[in-house]
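Spelled out from the first residue to the last, the chains are:
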Amino acid sequence: MGIRFILMVNKQGQTRLAQYYEWLTLEERRALEGEIVRKCLARTEQQCSFVEHRNYKIVYRRYASLFFLVGVDNDENELAILEFIHLLVETMDRHFGNVCELDIMFHLEKAHFMLEEMVMNGCIVETSKSNILSPIQLMDKTS
Amino acid sequence: MNPFSSGTRLRDMIRAIRACKTAAEERAVVRKECAAIRAAINDNDQDYRHRNLAKLMFIHMLGYPTHFGQMECLKSIASAGFPEKRIGYLGLMLLLDERQEVLMLVTNSLKQDLNHTNQYIVGLALCALGNICSAEMARDLAPEVERLLQFRDPNIRKKAALCSVRIIKKVPDLAENFINPTAALLKEKHHGVLITGIQLCTDLCKVSTEALEFFRKRCLEGLVKTLRDIVNSPYAPEYDIAGITDPFLHIRLLRLLRVLGHGDSDASDCMNDILAQVATKTESNKNAGNAILYECVETIMSIEDNGGLRVLAINILGRFLSNRDNNIRYVALNMLMKAITVDAQAVQRHRATILECVKDSDASIRKRALELVYLLVNENNVKPLTKELTEYLEVSDQEFKEDLTAKICSIVEKFSPEKIWYIDQMLKVLSEAGNFVKDEVWHALVVVISNASDLHGYTVRALYRALQASAEQESLVRVAVWCIGEYGDMLVNNVGMLNIEEPITVTESDAVDVVETAIKSHSLDLTTKAMAMIALLKLSSRFPSCSESIKDIVVHHKGSLVLELQQRSIEFNSIIAKHQNIRSALVERMPVLDEATFSGRRAGSLPANVSSSSGGSLNLPNGVAKPAAAPLVDLLDLSSDDAPAPSSSGGDFLQDLLGVDLSPASVPSGMSQAPKAGTDNNIIPIATLDGLSSPPSVPVRTTSAGGAASMVDLLDGFVSNSPKPEDNGPAYPSVVAFESSSLRLTFNFSKPPGTPQTTLVEATFTNLSPNVYTDFIFQAAVPKFLQLHLDPASSNTLPASGNGSVTQTLRVINSQHGKKALVMRMRIAYKVNNKDVLEEGQINNFPRDL
Chain B
1 MGIRFILMVN
11 KQGQTRLAQY
21 YEWLTLEERR
31 ALEGEIVRKC
41 LARTEQQCSF
51 VEHRNYKIVY
61 RRYASLFFLV
71 GVDNDENELA
81 ILEFIHLLVE
91 TMDRHFGNVC
101 ELDIMFHLEK
111 AHFMLEEMVM
121 NGCIVETSKS
131 NILSPIQLMD
141 KTS
Chain D
1 MNPFSSGTRL
11 RDMIRAIRAC
21 KTAAEERAVV
31 RKECAAIRAA
41 INDNDQDYRH
51 RNLAKLMFIH
61 MLGYPTHFGQ
71 MECLKSIASA
81 GFPEKRIGYL
91 GLMLLLDERQ
101 EVLMLVTNSL
111 KQDLNHTNQY
121 IVGLALCALG
131 NICSAEMARD
141 LAPEVERLLQ
151 FRDPNIRKKA
161 ALCSVRIIKK
171 VPDLAENFIN
181 PTAALLKEKH
191 HGVLITGIQL
201 CTDLCKVSTE
211 ALEFFRKRCL
221 EGLVKTLRDI
231 VNSPYAPEYD
241 IAGITDPFLH
251 IRLLRLLRVL
261 GHGDSDASDC
271 MNDILAQVAT
281 KTESNKNAGN
291 AILYECVETI
301 MSIEDNGGLR
311 VLAINILGRF
321 LSNRDNNIRY
331 VALNMLMKAI
341 TVDAQAVQRH
351 RATILECVKD
361 SDASIRKRAL
371 ELVYLLVNEN
381 NVKPLTKELT
391 EYLEVSDQEF
401 KEDLTAKICS
411 IVEKFSPEKI
421 WYIDQMLKVL
431 SEAGNFVKDE
441 VWHALVVVIS
451 NASDLHGYTV
461 RALYRALQAS
471 AEQESLVRVA
481 VWCIGEYGDM
491 LVNNVGMLNI
501 EEPITVTESD
511 AVDVVETAIK
521 SHSLDLTTKA
531 MAMIALLKLS
541 SRFPSCSESI
551 KDIVVHHKGS
561 LVLELQQRSI
571 EFNSIIAKHQ
581 NIRSALVERM
591 PVLDEATFSG
601 RRAGSLPANV
611 SSSSGGSLNL
621 PNGVAKPAAA
631 PLVDLLDLSS
641 DDAPAPSSSG
651 GDFLQDLLGV
661 DLSPASVPSG
671 MSQAPKAGTD
681 NNIIPIATLD
691 GLSSPPSVPV
701 RTTSAGGAAS
711 MVDLLDGFVS
721 NSPKPEDNGP
731 AYPSVVAFES
741 SSLRLTFNFS
751 KPPGTPQTTL
761 VEATFTNLSP
771 NVYTDFIFQA
781 AVPKFLQLHL
791 DPASSNTLPA
801 SGNGSVTQTL
811 RVINSQHGKK
821 ALVMRMRIAY
831 KVNNKDVLEE
841 GQINNFPRDL
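Which chain is which? The protein sequence lines are B and D, in order.
Under the UniProt record's numbering, read the first sequence as residues 1 to 143, first letter to last.
Under the UniProt record's numbering, read the second sequence as residues 1 to 850, first letter to last.
Since the hints were derived computationally from the structure, they do not count as laboratory data.
These numbers were taken from a predicted model, which means no experiment stands behind them.
Think of the CB as a built atom: it goes at the ideal place given N, C-alpha and C, for glycine as much as any other residue.
A portion of the hints provided could be inaccurate.
Unchecked claim - Beta-carbon label-pair distances, calculated as ranges:
(1) D:Arg147 with B:Ser65: 44 to 52 Å
(2) D:Ala80 with B:Ser65: 20 to 28 Å
(3) D:Gln842 with B:Arg94: 55 to 63 Å
(4) D:Ala80 with B:Val89: 34 to 42 Å
(5) B:Glu28 with D:Gln842: 19 to 27 Å
(6) B:Ser65 with D:Glu739: 40 to 48 Å
(7) B:Thr142 with D:Asn315: 34 to 42 Å
(8) B:Arg94 with D:Ser134: 32 to 40 Å
(9) B:Arg38 with D:Gln842: 33 to 41 Å
Claimed, not checked - Cut-off 27 Å, straight-line C-alpha distance, at most; resulting in silico cross-link-like pairs (DSSO-like, lysine-lysine):
(10) D:Lys225 with B:Lys129
(11) B:Lys39 with D:Lys189
(12) B:Lys11 with D:Lys21
(13) D:Lys225 with B:Lys39
(14) D:Lys189 with B:Lys129
(15) D:Lys407 with D:Lys383
Bound-form chain B, shown alone (with noise of 0.2 Å):
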């Protein structure tokens, strides 16, 4: 699937999570995180949930304060990915209960070990959420 990055960002702005599947210099992530961000968290409600920027398209969903913004290929199935945003939120709240913005700040290492077991490559890997989870339990368990 092409995937090319995830990013979680607020109400602000401000990026809280960013995961890319290609390779960005630091000065490209800055300038499109600041740009698609600016682009997406200006739309209203009942605009669609896709943006087309540059070459690629993105998905991005609403959470409260938390958006959900993927990046993706132009050829890739809008409707999917924006049920999978659905499924990696559902995912983060059964682990979290209910996730916030500082859930995912203070545990950002977790958010990803969560993000590495839905996606790799830019493809997903698994959609079951107690498959996704039970490593991540486990690990908490031993330590």
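Place chain D on chain B using the hints.
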């Protein structure tokens, strides 16, 4: 444990960063933390390595450089424990900057971990490899990954499958090794293995036709059955989304079927039934169901034709298009773009709905719809569609106008049934959104107008009216001013009236006023004003009664602070005042512009077409020094050629006309060829002067020797220029030959008298960093036509922060002096804190003539 190296806890650092009110405060906190982490790294502090890496990840996410943490990741990966490895691999994936050295170092650790007895560690290594693997690593580690595709635990197999995807993308030659193991994965039941196996299969088909054939023959039936099982599977709580079992797996399967069915009718037949079932049975009231339908439609459109299925697919798109949910409408528009090649008629039926979407409040939908409408236009519907679009242009958002304008212009040019319609539509667009119209578009319009001789009167009157209504649209003003200059008499006398237009009364002075307004306007740019100036000159001949008032306007601008306008006013004033006899011949009606030549040029120059009409970037003589054969096209060449080679041929008519040398630095002082007396026997329409319009900085250098007096007259005030200073060791500007964040290299040039081929270059190196550079060595290489001799440098130590510099003299002998400019490659090596640093570059910015 050293109490001073421990620093703050991760949590405290995050709190401190969150508490920052300004970016500067945040930077200060981050700087402090980074310093502490660097110190810890230097002390090889193992107790806090985990915490430091976690901090670095956070700092990296905020967008600060963290490259110094990469080696810590490697150390962490090399340690024995799982938690250390875990954070190490995560850090590696996040902080890595594609430096080959680091990747090489990690390959060994990865190899060990892929063979580890603990399957979780194997999983970590696979995940990292899947995300960062390079081509070399792929070759080294492919056997391990291949083996892991058959590992007992499915959680390892699924990761190995995605790792293989990366490997075959990096090294397609390895694809054949993966074909058989992949076929085995497709038979599995575990969803994770299936979805990743299908992904691997899809990518294998993309890189290898052999694989494609294999899977088509051996696995297609199995895949169709898998899809059927999933579609009909009973409720599976673990994978259920809105009543559908694992929509992600559905979608991956449909996507693979699309690859297998494309271009193969047997394979397509094989999947018809299941596609029909998915298309008809999937619930469309939830997003997950719609995602599947969307994918299914795309598969139906891509595989070989089956009439019934296509109807089904088009109907689904029709339903999507009328959905109230914007997401669904967006994907419908997206898919209709693809459907148009398959069944244009079916898409045409939705034209009205699509046209409504162009006016949607949502920019994403508008953009999709506009692209689609553009594809829908043909000879039959161009008129109503253009009408709708131009009407919408009046009310659309500013940011959408650019796209919309470009599309309308393109449609009008491509499908215009007759010239008058084309001109009408273009005038509408120019009036509404002239500022968004690209230069080549209005250039094309001028060519068309020029060719439509029966419409000259109609067009100039229409433009005059349009100008009254919207005088702020740059390209409208340009076209109008040009036409009024050319066809002003038709405007005033209502020549060539068509039945459809109402006569207007325009006096000669009205026409002049309009042009004068353009020159005086503050919102219009220089090119427009320059064009207006030329129009005035033309009008002074067309309207003898206004000649005096035009002369006043021109005289008024002789004091203009803009060089281009000043120069033109002076020249034109001279023509009006002193050269009555040639004026009318100079500004005769232009011959018809050659459409074929223009479109040919346009096609040729399109890719490089950077508009410089904004007056911002000013090129050198654009189209000025073109041969006289194409004077008309030059009019349109205001800004399209990027870097025309200035021709220095003395016979060029334009140089003759102006008596000046336009080619910079090519003719030594004391020009030998006396200009031919151009004006007397060589009557050229003034259009050639138009070629001057865009470059206000044409380097005008009058020559006192040999300039025919009558020519110099034209330039009035410019005659008194002293000849160029004689050549007594010409001074060359010094250049910054190389500059990085840490180092600057400046060149000063001199020539020993009497040896034009030799150049002495004094190189000065300045250290911009706060560290001293030791063992400083500068090396240079030159192409064969040059000889280079390096004298010893003044020192091999370069003091920090620009406190002093190193100089070195280079002697360069240019055997092609006067033909080729100097060029040099250089390499600078030095040590900072005992670390080797190498900087390289090419120096191309030598002054010419060295």
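Now for the hints, and whether the structure bears them out:
no., hint, verdict
1, D:Arg147 with B:Ser65: 44 to 52 Å, "holds, 46 Å"
2, D:Ala80 with B:Ser65: 20 to 28 Å, "violated, 41 Å"
3, D:Gln842 with B:Arg94: 55 to 63 Å, "holds, 57 Å"
4, D:Ala80 with B:Val89: 34 to 42 Å, "holds, 36 Å"
5, B:Glu28 with D:Gln842: 19 to 27 Å, "holds, 24 Å"
6, B:Ser65 with D:Glu739: 40 to 48 Å, "holds, 44 Å"
7, B:Thr142 with D:Asn315: 34 to 42 Å, "violated, 55 Å"
8, B:Arg94 with D:Ser134: 32 to 40 Å, "holds, 36 Å"
9, B:Arg38 with D:Gln842: 33 to 41 Å, "holds, 37 Å"
10, D:Lys225 with B:Lys129, "holds, 26 Å"
11, B:Lys39 with D:Lys189, "violated, 42 Å"
12, B:Lys11 with D:Lys21, "holds, 16 Å"
13, D:Lys225 with B:Lys39, "violated, 43 Å"
14, D:Lys189 with B:Lys129, "holds, 17 Å"
15, D:Lys407 with D:Lys383, "holds, 14 Å"
Violated hints for the displayed structure, listed by number in ascending order: 2, 7, 11, 13.
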